[in-house]
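4 protein chains.
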Amino acid sequence: MSDTQKCHSFFMLSQDHLLQLFKETRADSEMICSFLETEDYVVQPIVDVSPPKWHLGHTTWFFEEFVLKEYSKDHKLFDQNTAYVFNSYYESVGDKVIRTNRGNLSRPTVAWIYEFRRYVTNKIIDLLTNEKLSNKALEVVEIGCHHEKQHQELLYTDIKYILGNNPLFPKYNNEFEENPVQDFERKWIDITEGIYEIGHKSDDFCYDNEKGVHKTYLCDFSISNKLVTNKEYIEFINAGGYEDVLLWHAEAWDWVNENKIDKPSYWHKIDGEWYQYTLQGLVKLDPEAPVTHISYYEAFAYAQWKGMRLPTEEEWETAQDKFEWGSRWEWTESAYSPYPNYHKPDGALGEYNGKFMVNQKVLRGASVATSRDHTRPTYRNFFHPQLRWQFTGFRLVK
Amino acid sequence: MSDTQKCHSFFMLSQDHLLQLFKETRADSEMICSFLETEDYVVQPIVDVSPPKWHLGHTTWFFEEFVLKEYSKDHKLFDQNTAYVFNSYYESVGDKVIRTNRGNLSRPTVAWIYEFRRYVTNKIIDLLTNEKLSNKALEVVEIGCHHEKQHQELLYTDIKYILGNNPLFPKYNNEFEENPVQDFERKWIDITEGIYEIGHKSDDFCYDNEKGVHKTYLCDFSISNKLVTNKEYIEFINAGGYEDVLLWHAEAWDWVNENKIDKPSYWHKIDGEWYQYTLQGLVKLDPEAPVTHISYYEAFAYAQWKGMRLPTEEEWETAQDKFEWGSRWEWTESAYSPYPNYHKPDGALGEYNGKFMVNQKVLRGASVATSRDHTRPTYRNFFHPQLRWQFTGFRLVK
Amino acid sequence: MSDTQKCHSFFMLSQDHLLQLFKETRADSEMICSFLETEDYVVQPIVDVSPPKWHLGHTTWFFEEFVLKEYSKDHKLFDQNTAYVFNSYYESVGDKVIRTNRGNLSRPTVAWIYEFRRYVTNKIIDLLTNEKLSNKALEVVEIGCHHEKQHQELLYTDIKYILGNNPLFPKYNNEFEENPVQDFERKWIDITEGIYEIGHKSDDFCYDNEKGVHKTYLCDFSISNKLVTNKEYIEFINAGGYEDVLLWHAEAWDWVNENKIDKPSYWHKIDGEWYQYTLQGLVKLDPEAPVTHISYYEAFAYAQWKGMRLPTEEEWETAQDKFEWGSRWEWTESAYSPYPNYHKPDGALGEYNGKFMVNQKVLRGASVATSRDHTRPTYRNFFHPQLRWQFTGFRLVK
Amino acid sequence: MSDTQKCHSFFMLSQDHLLQLFKETRADSEMICSFLETEDYVVQPIVDVSPPKWHLGHTTWFFEEFVLKEYSKDHKLFDQNTAYVFNSYYESVGDKVIRTNRGNLSRPTVAWIYEFRRYVTNKIIDLLTNEKLSNKALEVVEIGCHHEKQHQELLYTDIKYILGNNPLFPKYNNEFEENPVQDFERKWIDITEGIYEIGHKSDDFCYDNEKGVHKTYLCDFSISNKLVTNKEYIEFINAGGYEDVLLWHAEAWDWVNENKIDKPSYWHKIDGEWYQYTLQGLVKLDPEAPVTHISYYEAFAYAQWKGMRLPTEEEWETAQDKFEWGSRWEWTESAYSPYPNYHKPDGALGEYNGKFMVNQKVLRGASVATSRDHTRPTYRNFFHPQLRWQFTGFRLVK
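Residue numbers (this note's numbering), protein chains in the order written: chain A, 15 to 412; chain B, 15 to 412; chain C, 15 to 412; chain D, 15 to 412.
Calculated from the structure, these hints are not laboratory results.
Any given hint could turn out to be false.
Any copy will do: because identical chains look the same in the list, a pair fits if it lies in one copy or spans two.
Calculated cross-link-like contacts (lysine-lysine; reagent style DSBU-like; alpha-carbon spacing at most 35 Å) [claimed, not checked]:
#1 K320 - K358
#2 K412 - K229
#3 K185 - K245
#4 K283 - K150
Note that the structure is predicted; figures quoted are calculated from it, not measured.
Please model the entire structure based on the sequences and the hints provided.
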């Protein structure tokens, strides 16, 4: 998912609840980074990863740009040069540092960014405490919180990439458990052919791409109550899955060969045994844990090999209340497209609502890195099919 | 569409009819090439284009490999080295020349390829005339004919690319009319919300990706009876459509800027007037003709600009009997994915049935270059969203 | 060497002799191409190779552009579009087709180019026969002849590349013998320390980069009377020369690994035996023939392995009358730089005299593909150090 | 110049003097970095630049690998993983981190590296203080000091690149003066034709590429006593020098156009006035200071424009005692090649002595960033012709 998917909601939290949400959100980002060395905040090993200091600065810039500049009288900018560095891609809001350059910027420093955060956090707290804000302003604050929660997930996965691709395999934090075992039997949940309703219905927060409740017609299908496990995935590897061209999309086959892909990301075979880099360091692979850090291409090839398939996002949404989910973002067969009657919002925040709706696949669910309360059954995450640095996984349909 | 999408059918033409279809098909390919100079058969200016001689050889190789080698007793290969050069991508059938190298091969010569064609054509005619073939064998001959018809369309568009990107702008053939005017009023056809059936129903030939008739639920929509015209598209250009980031997908915007795209392919502005390279040479642009050689990205941006959208493939298929179509392949909003209950066929011919079902958009209809009888309402063509060398166009939905 | 190195001479052939030279030169180019199929004239498998039809057109364009347009009253151009297609790189003489696109142009046809040749050849013959030309005009005609002779060598090597990289390995011509054996003993020729004179001294034709006779100081050295042979080079391969990083330049090592170089160009190991593609087709490697189609990098690594080195161009020029040469262009250690007092000529023909004098190595001698009389002891050929499609070789110094 | 050009010397400093040299050298590197923020140590904006922390670690690794492991009994490595990260390119000494990845490594941290430095520095001091070392061991220590001095120059230029390409233009250090004005008249120094001796003669330290004193024959030439100034270079810009193809090498012209080069590196035109980023921050360009951060290509084009040329390295070395030098590394016309009788040393330290001797140009002199005593009249620096991040400059010859 793009790091700044735009969004809005009609119903507003009370100003008090919003203040609470804001404080917690801001604190959470800093808690996540509290385990880092200064150097870890700076690097960008691949274009999909952003330096942690950039995430901290960008989420802060968002509040200054869209809340304080708009709704706080006589707001004095913390620094005139901020916007340039922390604007991620809003083409209509001035210049930006191109994404591939973020890891080249040693300044502003981490200390500066924490000061910037304190300044903006306090200003927003003041505003929420002492002013009666319009619904529109409150809405933008709420969006800002959800925007920052998205970046919290990216912080985890980007930190994992930064540390896990360092030859020294440093640990992030001993407490972060990323491999919850599904200790229950595999069962197949049957869904009957018919008309189902898709899309976000309640008044709670959601992004605009979830809206436009609409009917869809599904055929009979059976979906697994369990995610595919490491043990099962090893069988696929051992059966020569990565060498069998018949299992792969044409573009996937090129990707496998150009990048010499033969296992999930973060896996290492040492003296004949499988290890996995996790945020707790390099550990033995747990065969019962759900496989993760695999691309859509690999999920699809595995399903082909089993003679099954991935669910569509409509199937997933329809069946999801009958199985456990939440530890892996789950690849679906669905391409990311607008729902019927999707309308893009006006203005800078809604600038590009449809702009990612091509060449990406929808993922449903959530992962071990997803911030609290930052998902729901209708949430539509999306990534290019070859990407693997998120905590991705998949379940089968037959 | 890939040049060798695999396919099969359950119902068989009589052996006599098939002989007729085969003879016509083979003759048509040679008629198309009869307007070329020897040199035109050889070049490959971009990877999506194949040299005409390659098309002629590859379609012939297909018949020798899958019909004569399988069903003709004691068949003597025309040449042992053929397969290597003309295998397009069947990974399970030996080596192949990688696609980007086709234009580097001066040998075999055009004369050799015509000899090869005669040899194989005559052998197949013998077979169909003198042997009683099994249904399976007849099926493969039928597929071979449809396969060659697909290549006939590619012959036209590849020849157009080869000649139209030559600085001398040579004509292909004065008789080839590619710009039929739609001389009727624009009207909006209303389709009512409800369940509709999608997929190929009759016993006639179709590809396997059209099969699996299934229900779909559509919301109310209105679709234009006319394709977007050159005149309308010029309005979009003049209104700055190519410079307005808000109209484009993020990937499209990169594509526009990297490739300096500011008009459809084959358009030239000379002394303030629009010209278009056509197979009849460079001519003044006809404002009333349907716009063509535009990418999905451009079709989408135009629709955004009009506050409308493209149809999904299900909408198009449901509405298609209420409007004229057939001069342009029409971009839809739908990503190319398997239908519910899609099953890939076994064996070499069905080797890769799903392998293109990622990162491509479906096009519906047919074009001025489509071979006779080589389309139907359920036909699913597909291309990457940036491609423009086919006779693409689009109609709007609101 | 660039295909259009500029040049001039002070002494002029008589007009009669020049007419003779011109006629022979024009006939030679066409003789070289007489063994080709039409398709062979068209392709450009790598950027360093030009399509044979381009060579034929370009050398003709040169005479029309620089002789007929300048010195033939009321000359009527054969075709207005010619210059655009056949200008190789003279930035000051209008547009040009970029080098990588030459192989994409099916038009003008080969037949057209032969007509163009006849037209220009006849006009020049008329001019030389019926007009009294100025020295300046005669000089340009002479340059044009030498320019075409350079292209004759390129014709051979480009044709070899085109046919030798075709999977069918077609023969060019059974008569072309490219592997003359040196059937004499290896001896080391000693040259004594001292001042030597370098540069072209006589009044015969030479290029401007050979001029400026100047003194150089050489230390004692011994140079081999024989080129390194295939047999010797195989010893280097068998000793692991391509895997020993210590023998290679840093850039060479990257080149070896990125391109998986492990033998000279055109070598093939089939069933444990070495074969070589030659203009006579695929033949067994002759162990006594001088090794060819090796890069400077490989020549250097071989010399390192032997504990010897390559000669500088001054050493080669000083010693060359004491050994046989002429079958291989011989790599030297010298970078291509201007001689002291080098002055670039004015005008379009002298446009870029120094423009290749960076990042290239000097080669001395001549090769089996060099046109008659198209070399001399002072001739300075030059290529980038990784190039191998010429008939390159080397001799050692200790 | 490569960051680890190999070297050796015959004459040895006394062990006491060497201890002094070692201490000063180690302290100097840390002084240079004392002006940095932690974040500045980490980034690598282009492949030619290394992160400052890498320089500090690599120079330390050198002493541990080649001195302590060899000559210190029972040496306990500071850390087993060090070599992998800090080996720059010695292929025969185990694995290495490829150069383009250095900026992706957040670990080891800066604090860790300073600890590593202290550990190794103290061990070497112990060794020099308490042991009687062999001449060979002392030689390696001396080389290690000179190696670290080379990296000190790179520290300055890499830091300048890191800060000067940051949009915030942070200062490095107010005291660092990089633009010494040459406040004297331009004069032309005449050198007479004849035999001159080239190469390092004294017993002081030098690199092996300076050795092999040999005679060379020079023609008459006149060399400027002054470097080309900013003011003079602006005249070249204003005269359209960057747009005149006739002034440039062919490869240079491609480089200019692909990279949109139209001024020296670090120059900015703001409101019609020229500014320059320096280690003191962004300042107005001083017209009288010697131009710097220009490529060989630009130096050559300027000389062409003036109708003059660059000196060869032999000319420069012969004339250098008649002019002031030391603020700019000066481009010469000479390609970097071995001197006559150059022999590469054995063993790991001499592993690759000739491996950079292709495709690079020699620079002579020194720059404002050169460490004290780290140059001499015979010093041969070398870089690829397009590189600009060093304090390069040039003087003319006519």
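Tell me the hint numbers this structure goes against, listed in increasing order. 4
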